[in-house]
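Asker: As a plain string of letters, each chain reads:
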Amino acid sequence: MPLTTPGYPQLLLRGLLAGLIAGLLAATFAYLAGEPHIDAAIAIEEAGAPEGDALVSRDVQSGPGLFLATGLYGIALGGILATAYTVLRRRLHTGSDTTAALGLAAAALTGIVLVPYLKYPPNPPAVGDPATIDQRTAAYLAAVALGLVAVWAAALAARTQTHPWARATAAAAAFGVVVTIAYTLLPTFDEVPADFPATLLWDFRISSLGTQTILWTTLGLGYAGLLARLAHRTETPVTLP
Amino acid sequence: MPKAQALTTPAVSTKLLATAAGFTGIMLLLAYLVAFDQGALSQSGMYLHELMHDGRHLLGVPCH
Chain A
1 MPLTTPGYPQ LLLRGLLAGL IAGLLAATFA YLAGEPHIDA AIAIEEAGAP
51 EGDALVSRDV QSGPGLFLAT GLYGIALGGI LATAYTVLRR RLHTGSDTTA
101 ALGLAAAALT GIVLVPYLKY PPNPPAVGDP ATIDQRTAAY LAAVALGLVA
151 VWAAALAART QTHPWARATA AAAAFGVVVT IAYTLLPTFD EVPADFPATL
201 LWDFRISSLG TQTILWTTLG LGYAGLLARL AHRTETPVTL P
Chain B
242 MPKAQALTTP AVSTKLLATA AGFTGIMLLL AYLVAFDQGA LSQSGMYLHE
292 LMHDGRHLLG VPCH
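Going down the list, the sequences are from chains A and B.
Per our numbering, residue 1 is the first one in the first sequence, and the count goes up by one each step.
Per our numbering, residue 242 is the first one in the second sequence, and the count goes up by one each step.
Worth flagging that the hints you see were computed from the coordinates, not collected in a lab.
Note that the structure is predicted; figures quoted are calculated from it, not measured.
Mixed in with the good hints, there may be bad ones.
Said to hold, decoys possible - Computed footprint of chain B on chain A; a stretch qualifies when at least three of its residues, placed anywhere within it, have a C-beta under 8 angstroms from a C-beta of chain B: (1) 29-40; (2) 75-83; (3) 101-110; (4) 156-167; (5) 208-222.
Said to hold, decoys possible - The calculated label-pair distances, taken between Cβ atoms and stated as ranges, are: (6) B/Leu269 with A/Gly63: 23 to 33 angstroms; (7) A/Pro193 with B/Thr260: 44 to 54 angstroms; (8) A/Leu17 with B/Val253: 15 to 25 angstroms; (9) A/Ala43 with B/Met287: 14 to 24 angstroms; (10) B/Ala281 with A/Thr162: 28 to 38 angstroms; (11) A/Thr199 with B/His305: 36 to 46 angstroms.
As the list claims (entries may be wrong) - Chain A residues, not near chain B, derived (Cβ > 12 angstroms throughout): (12) Pro9; (13) Ala47; (14) Gly71; (15) Val113; (16) Val149; (17) Trp152; (18) Ala194; (19) Asp195; (20) Trp202; (21) Thr234.
Even glycine gets a Cβ: it sits at the ideal position worked out from N, Cα and C.
Between the sequences and the hints, there should be enough to build the whole structure, so can you do that?
Answerer: Written as structure tokens, this is what we have:
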């Protein structure tokens, strides 16, 4: 039974929609789990050096601003995931669209979130030297790029083998080698003030990891779900005259 | 329960790749606007940057 082939726009729109949903869900989590830690960190910052009148009030930053930022970020990542899916789907050797979509989202979560996160864990306000922001931004982007290289190397290495055990081992080895080299070459920044509460730093970082994990998990599941609906809809029933 | 039905994706042509690259560029600009812009792209001074301050922290981007 021939299926209608969805075009790039159809695949893309579903990615953008899944991204918006993922961004808003991640923002809800961030608002509930992350904002208390940001407020606590800002209280420490203000105690040290009061900043005076802010351009945007805290209430707007922590509410509408947070949802806007995370929603737009989700849309952008959803568009990128859908584009990667469109271009790479035929090269992913699986008969299942769900496996393909979730596999790409898991690869992105690993390369774009986990690898950079473990080298450069995010910092709350009051942590970080403004003088090194350019170096830290460049290093963070390099970590994202190297994270994607590590995932890509793992996929290529798996393809050199046939047995499932050998495939998994080759993938793990390639990933481990690339990440080890990357972490060794990338610069280290040691900027947490000695008197900053360790528990607050940990709690903030866990809430940030939760926000990003929820974003990518929801994006993968949402996109796979929308693709399944599309497949179900385009499954044209055979009508007899 | 409906059976899992795989979709056929469009053939990867030069035209598709060019469109995909162009759109990826737009999406990267949008991500840049959220994560890194300090007014150069948004032309709003520091307003959008400050508005999206908390999102940047919780999305793991180096902020300040």
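Asker: Are all C-beta atoms of chain B more than 12 angstroms from that of A/Gly71?
Answerer: violated, 9 angstroms
Asker: Are three or more residues of the region 156-167 of chain A within 8 angstroms, CB to CB, of chain B?
Answerer: This one is violated; 0 residues, fewer than the three required, reach chain B with a Cβ under 8 angstroms.
Asker: Cβ-Cβ distance between A/Ala43 and B/Met287: within 14 to 24 angstroms?
Answerer: Distance hint for A/Ala43, B/Met287 holds at roughly 22 angstroms.
Asker: CB of A/Thr199 to CB of B/His305, is that within 36 to 46 angstroms?
Answerer: 22 angstroms Cβ-Cβ, so the 36 to 46 angstroms window is violated.
Asker: Between the beta carbons of A/Leu17 and B/Val253, is the distance compatible with 15 to 25 angstroms?
Answerer: Given range 15 to 25 angstroms: holds, Cβ gap about 23 angstroms.
Asker: Far enough from chain B: is every CB of that chain over 12 angstroms from the CB of A/Thr234?
Answerer: violated, 7 angstroms
Asker: In this structure, is the beta-carbon distance linking A/Pro193 and B/Thr260 contained in 44 to 54 angstroms?
Answerer: With Cβ atoms ~48 angstroms apart, the hint holds.
Asker: Quick one: are B/Leu269 and A/Gly63 within 23 to 33 angstroms, going by C-beta?
Answerer: holds, 27 angstroms
Asker: Can we trust that A/Trp202 is non-interface, i.e. its beta-carbon lies farther than 12 angstroms from all of chain B?
Answerer: holds, 15 angstroms
Asker: Counting residues of the region 101-110 of chain A whose CB is closer than 8 angstroms to a CB in chain B, do you get three or more?
Answerer: violated (count 0)
Asker: Examine the region 208-222 of chain A for residues whose CB is less than 8 angstroms from any CB of chain B, and state whether their number is three or more.
Answerer: holds (count 5)
Asker: Beyond 12 angstroms from every Cβ of chain B: is that where the Cβ of A/Ala194 lies?
Answerer: holds, 19 angstroms
Of the numbered hints listed earlier, those contradicted by the structure are 3, 4, 10, 11, 12, 14, 15 and 21.
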